[in-house]
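Novice: Protein chains in written order, with numbering that gives the first Met the number 0: chain A, 0 to 469; chain B, 0 to 469.
Source of the hints: derived by calculation from the structure; they are not laboratory data.
All values derive from a computational prediction rather than experimental measurement.
Do not rely on the hints blindly, as some may be mistaken.
Copies of the same chain look alike in the list, so a pair counts if it fits in one copy or across any two.
Calculated cross-link-like contacts (lysine-lysine; reagent style DSS-like; alpha-carbon spacing at most 30 Å) [stated by the list, open to error]: (1) 108 <-> 445; (2) 402 <-> 433; (3) 402 <-> 125; (4) 219 <-> 402; (5) 108 <-> 263; (6) 263 <-> 219; (7) 433 <-> 125.
2 protein chains.
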Amino acid sequence: MTTIQNPQGSFELDATIQALQAIVGPERVSATESDRDQHARDQSAHPGRLPDVVVWPQTTAEVSAIMRHANQVGAPVVAWGAGTSIEGNPIPVHGGIVLDFRDMNQILKVHQNDFQVTVQPGILYKDMNESLARYGLFFAPDPGANASIGGMVANNAAGIRTVKYGATKDNVLALEVVLANGEVIRTGSRSIKQSAGYDLTHLFIGSEGTLGIVTEATLKLDPLPEHFSAVTAAFPTVNDAAEAVFGIIGSGLGPAALELLDTKTVTLMNTEEGIDLVIAPNLFMEFNGASEAALNEELSMVENICNESACRHFQAGVGREARNRLWQARHRAFEVMVRHHPNQAYLLTDAAVPISQYPVLVAATDDIMEELNLRGYILGHAGDGNMHTAIFFPADDAEARAKTEQINSHIVQQSLALGGTSTGEHGVGLGKQKYMEQEHGPIAMKLMRDLKALLDPNGILNPGKVLGQT
Amino acid sequence: MTTIQNPQGSFELDATIQALQAIVGPERVSATESDRDQHARDQSAHPGRLPDVVVWPQTTAEVSAIMRHANQVGAPVVAWGAGTSIEGNPIPVHGGIVLDFRDMNQILKVHQNDFQVTVQPGILYKDMNESLARYGLFFAPDPGANASIGGMVANNAAGIRTVKYGATKDNVLALEVVLANGEVIRTGSRSIKQSAGYDLTHLFIGSEGTLGIVTEATLKLDPLPEHFSAVTAAFPTVNDAAEAVFGIIGSGLGPAALELLDTKTVTLMNTEEGIDLVIAPNLFMEFNGASEAALNEELSMVENICNESACRHFQAGVGREARNRLWQARHRAFEVMVRHHPNQAYLLTDAAVPISQYPVLVAATDDIMEELNLRGYILGHAGDGNMHTAIFFPADDAEARAKTEQINSHIVQQSLALGGTSTGEHGVGLGKQKYMEQEHGPIAMKLMRDLKALLDPNGILNPGKVLGQT
Numbered sequence: 000m001t002t003i004q005n006p007q008g009s010f011e012l013d014a015t016i017q018a019l020q021a022i023v024g025p026e027r028v029s030a031t032e033s034d035r036d037q038h039a040r041d042q043s044a045h046p047g048r049l050p051d052v053v054v055w056p057q058t059t060a061e062v063s064a065i066m067r068h069a070n071q072v073g074a075p076v077v078a079w080g081a082g083t084s085i086e087g088n089p090i091p092v093h094g095g096i097v098l099d100f101r102d103m104n105q106i107l108k109v110h111q112n113d114f115q116v117t118v119q120p121g122i123l124y125k126d127m128n129e130s131l132a133r134y135g136l137f138f139a140p141d142p143g144a145n146a147s148i149g150g151m152v153a154n155n156a157a158g159i160r161t162v163k164y165g166a167t168k169d170n171v172l173a174l175e176v177v178l179a180n181g182e183v184i185r186t187g188s189r190s191i192k193q194s195a196g197y198d199l200t201h202l203f204i205g206s207e208g209t210l211g212i213v214t215e216a217t218l219k220l221d222p223l224p225e226h227f228s229a230v231t232a233a234f235p236t237v238n239d240a241a242e243a244v245f246g247i248i249g250s251g252l253g254p255a256a257l258e259l260l261d262t263k264t265v266t267l268m269n270t271e272e273g274i275d276l277v278i279a280p281n282l283f284m285e286f287n288g289a290s291e292a293a294l295n296e297e298l299s300m301v302e303n304i305c306n307e308s309a310c311r312h313f314q315a316g317v318g319r320e321a322r323n324r325l326w327q328a329r330h331r332a333f334e335v336m337v338r339h340h341p342n343q344a345y346l347l348t349d350a351a352v353p354i355s356q357y358p359v360l361v362a363a364t365d366d367i368m369e370e371l372n373l374r375g376y377i378l379g380h381a382g383d384g385n386m387h388t389a390i391f392f393p394a395d396d397a398e399a400r401a402k403t404e405q406i407n408s409h410i411v412q413q414s415l416a417l418g419g420t421s422t423g424e425h426g427v428g429l430g431k432q433k434y435m436e437q438e439h440g441p442i443a444m445k446l447m448r449d450l451k452a453l454l455d456p457n458g459i460l461n462p463g464k465v466l467g468q469t
Numbered sequence: 000m001t002t003i004q005n006p007q008g009s010f011e012l013d014a015t016i017q018a019l020q021a022i023v024g025p026e027r028v029s030a031t032e033s034d035r036d037q038h039a040r041d042q043s044a045h046p047g048r049l050p051d052v053v054v055w056p057q058t059t060a061e062v063s064a065i066m067r068h069a070n071q072v073g074a075p076v077v078a079w080g081a082g083t084s085i086e087g088n089p090i091p092v093h094g095g096i097v098l099d100f101r102d103m104n105q106i107l108k109v110h111q112n113d114f115q116v117t118v119q120p121g122i123l124y125k126d127m128n129e130s131l132a133r134y135g136l137f138f139a140p141d142p143g144a145n146a147s148i149g150g151m152v153a154n155n156a157a158g159i160r161t162v163k164y165g166a167t168k169d170n171v172l173a174l175e176v177v178l179a180n181g182e183v184i185r186t187g188s189r190s191i192k193q194s195a196g197y198d199l200t201h202l203f204i205g206s207e208g209t210l211g212i213v214t215e216a217t218l219k220l221d222p223l224p225e226h227f228s229a230v231t232a233a234f235p236t237v238n239d240a241a242e243a244v245f246g247i248i249g250s251g252l253g254p255a256a257l258e259l260l261d262t263k264t265v266t267l268m269n270t271e272e273g274i275d276l277v278i279a280p281n282l283f284m285e286f287n288g289a290s291e292a293a294l295n296e297e298l299s300m301v302e303n304i305c306n307e308s309a310c311r312h313f314q315a316g317v318g319r320e321a322r323n324r325l326w327q328a329r330h331r332a333f334e335v336m337v338r339h340h341p342n343q344a345y346l347l348t349d350a351a352v353p354i355s356q357y358p359v360l361v362a363a364t365d366d367i368m369e370e371l372n373l374r375g376y377i378l379g380h381a382g383d384g385n386m387h388t389a390i391f392f393p394a395d396d397a398e399a400r401a402k403t404e405q406i407n408s409h410i411v412q413q414s415l416a417l418g419g420t421s422t423g424e425h426g427v428g429l430g431k432q433k434y435m436e437q438e439h440g441p442i443a444m445k446l447m448r449d450l451k452a453l454l455d456p457n458g459i460l461n462p463g464k465v466l467g468q469t
């Protein structure tokens with residue numbers, strides 16, 4: 000008998016494995032080192048932790064039965080999608096059961112005429128959009144990585160297309176959720192408009208698996224744009240680029256993407272991805288028009304705004320192939336950085352501010368990196384005020400680690416002071432917990448903890464996340 | 000001493016009046032018959048109920064102190080905006096204190112460069128938008144009535160512009176909320192993207208004052224459109240019109256408004272509002288284009304789709320003045336109906352379905368009214384699948400009342416069967432409570448009740464609403 004101790008209490012691992020096997024059959028339960036190791040860490044630099052056992056459910060009924068058991072014995076349960084998150088969100092820091100949704104990856108129904116789709120949580124974002132392309136539709140929130148839809152819902156993922164189409168939270172109509180005790184609820188409906196009682200859908204979106212387990216989601220889709228143009232614009236300084244971002248958004252133009260990349264990022268992408276950007280801070284943009292004429296009109300307004308911010312090189316009308324290469328390079332930027340700094344530790348920031356404050360945040364970030372002489376990459380979904388920095392340092396360099404943490408903290412403080420948030424899209428996970436009380440205040444934090452206690456009285460759902468423990 | 004009995008317990012009215020006077024001063028507390036009567040009913044046909052006392056707070060601190068007192072003594076508290084709701088949402092069915100936000104009606108800050116505004120809850124929608132017009136901005140969810148922003152947030156109001164811009168819930172970034180015990184929290188931030196913990200903002204939006212009292216809201220605004228065109232299109236039958244709605248939305252066109260009016264409504268509007276629509280089911284539409292050229296292209300597509308649904312009369316390019324008259328008539332439709340049926344009782348339905356099912360819902364509604372020989376008006380925000388019917392009947396005609404209730408129930412059942420909701424925008428209030436358990440299921444309803452008990456353990460916040468009591 001192996002007794003597993005954790006802050007929630009203790010449970011007998013052998014009995015739990017037997018119970019899981021009784022629910023899903025022996026083939027879909029594993030406690031091997033290698034299976035556990037594959038569910039020990041996400042793509043963040045947070046240290047991994049092995050779960051005690053991994054299970055691959057295939058139905059909501061199985062998930063329900065697993066939760067019922069886990070709740071009875073007090074075993075932690077962490078839902079697992081693609082493991083692509085970058086704030087430690089699914090790391091099973093208290094061990095227990097990982098529920099891997101690999102086998103619940105089906106499109107259940109395409110509601111083509113309503114621009115909606117109902118899917119299981121394990122389906123991957125890119126796979127789903129590939130299937131939806133034949134209907135001329137796509138799910139717009141693009142986290143870059145090939146995340147699972149369950150993970151995107153849990154983390155309220157967002158990304159390159161959010162400036163136009165919103166974040167995940169803006170594009171979910173209905174959920175099926177298994178509660179901590181195994182009970183199953185359905186939230187929302189397929190009606191775009193809903194005013195029937197409390198908004199349970201948004202209670203679960205972004206709760207990072209700490210309030211319930213999503214087993215089905217109905218998503219809003221958008222028609223694939225017919226006319227689009229990618230644009231690149233290079234600026235003398237990152238602040239000039241940030242000013243142009245503010246100008247473009249403030250003018251009421253509606254870019255479908257508006258990304259900032261600093262010189263360091265551009266240089267790396269040119270080298271590693273074989274693209275040919277002017278070596279300078281760049282904006283990557285995309286515009287969709289109702290027609291070519293409308294598009295061209297919009298592009299000439301964008302060019303004027305960029306020129307007012309001292310734009311050095313403006314290229315619109317990038318062809319489809321070059322456009323796809325640019326976006327692919329942008330999607331792979333983080334991966335390329337990691338590869339370019341082998342064996343280094345890193346930290347990713349995720350502050351987001353009102354767009355008028357974006358230049359202020361970028362300038363402050365530039366300054367603090369200068370001051371501490373630790374140059375990270377600055378990039379981000381500028382159009383919605385979201386700025387990332389990626390800072391690499393030798394894992395055993397305590398001074399660099401401390402400086403990096405100082406930069407992170409400085410950026411968060413700046414962001415909060417500017418009316419923004421510590422995390423625009425990566426979620427709280429492990430790394431942002433220490434800022435939660437400052438961001439929300441003690442009373443709102445108590446309310447969040449009370450909600451957690453109400454929905455998960457035994458504290459088994461993704462314990463050790465979100466709620467402000469540091 | 001007057002002891003007020005209610006389901007929450009009992010409280011001493013004189014002591015409460017004294018306590019309220021101590022908080023806000025004697026001038027802003029009233030227990031006169033006439034002040035109480037002005038806070039006894041909204042614009043629905045639900046029977047009114049006098050509150051015991053009315054208070055007009057001027058600051059969040061006053062609201063907090065009032066809540067602290069009410070929570071201690073167990074007095075019901077109902078927040079009051081403009082009283083324009085139409086499902087009985089603010090009727091103080093258990094008496095107690097009405098908190099009238101008339102004096103908290105300021106724009107606190109226009110964040111012009113961020114397209115945001117921070118306001119107090121008592122400001123009226125139309126007044127606010129009038130002030131914002133000088134910045135070229137407006138708050139898009141348009142409930143028709145001159146509702147208060149606090150009421151719009153509480154009821155997740157929506158309306159004519161929702162098809163393009165979303166409902167209130169899609170346009171609120173941050174709230175200040177006074178909890179039942181008087182504690183004050185701030186939710187959200189001014190960042191468009193937010194992933195920092197549980198979504199408390201959406202927990203309060205649409206909770207109809209049963210979970211907390213909103214004392215400040217930061218709203219997303221949109222630029223006033225430069226190019227627009229109003230369109231009217233007449234069809235042989237209401238079903239043809241509904242098919243055209245589905246065609247327009249399904250084609251990916253983005254109307255800024257798309258309203259359906261049946262023949263009965265059109266006839267009334269022509270007579271009472273001096274407009275000149277073809278006597279037939281009509282669609283009212285508005286399109287905004289990036290340019291005149293883009294707009295014209297869109298309009299010709301719309302015309303084609305309408306013609307495929309046997310459109311008899313299509314008029315685009317309605318001038319600004321005629322357009323304003325049309326929208327004014329549409330805004331006043333309900334008011335005009337009430338005036339046109341003096342001394343009659345009425346019932347308004349508010350079902351909403353996925354757009355593909357809109358023709359089905361409209362046909363079923365047409366049929367049931369035919370079958371029961373009780374002809375109501377059919378109109379609604381067709382573009383987002385929301386259909387209203389207004390049925391008038393002699394207040395003392397028990398048979399007509401029963402038939403009306405049968406029609407309402409039939410429409411709700413149809414809507415739920417079609418994947419929709421019992422209420423798209425009016426909220427649950429009093430009239431939709433009986434459908435809540437059917438719509439959400441017993442476990443989700445229990446979760447809603449548990450949330451209520453957590454946020455409002457003494458049950459003082461707008462008691463008797465939302466949670467499924469019939």
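Novice: Which numbered conditions among the earlier hints are violated in the structure presented, ordered from lowest to highest?
Specialist: 3, 4, 5, 6 and 7
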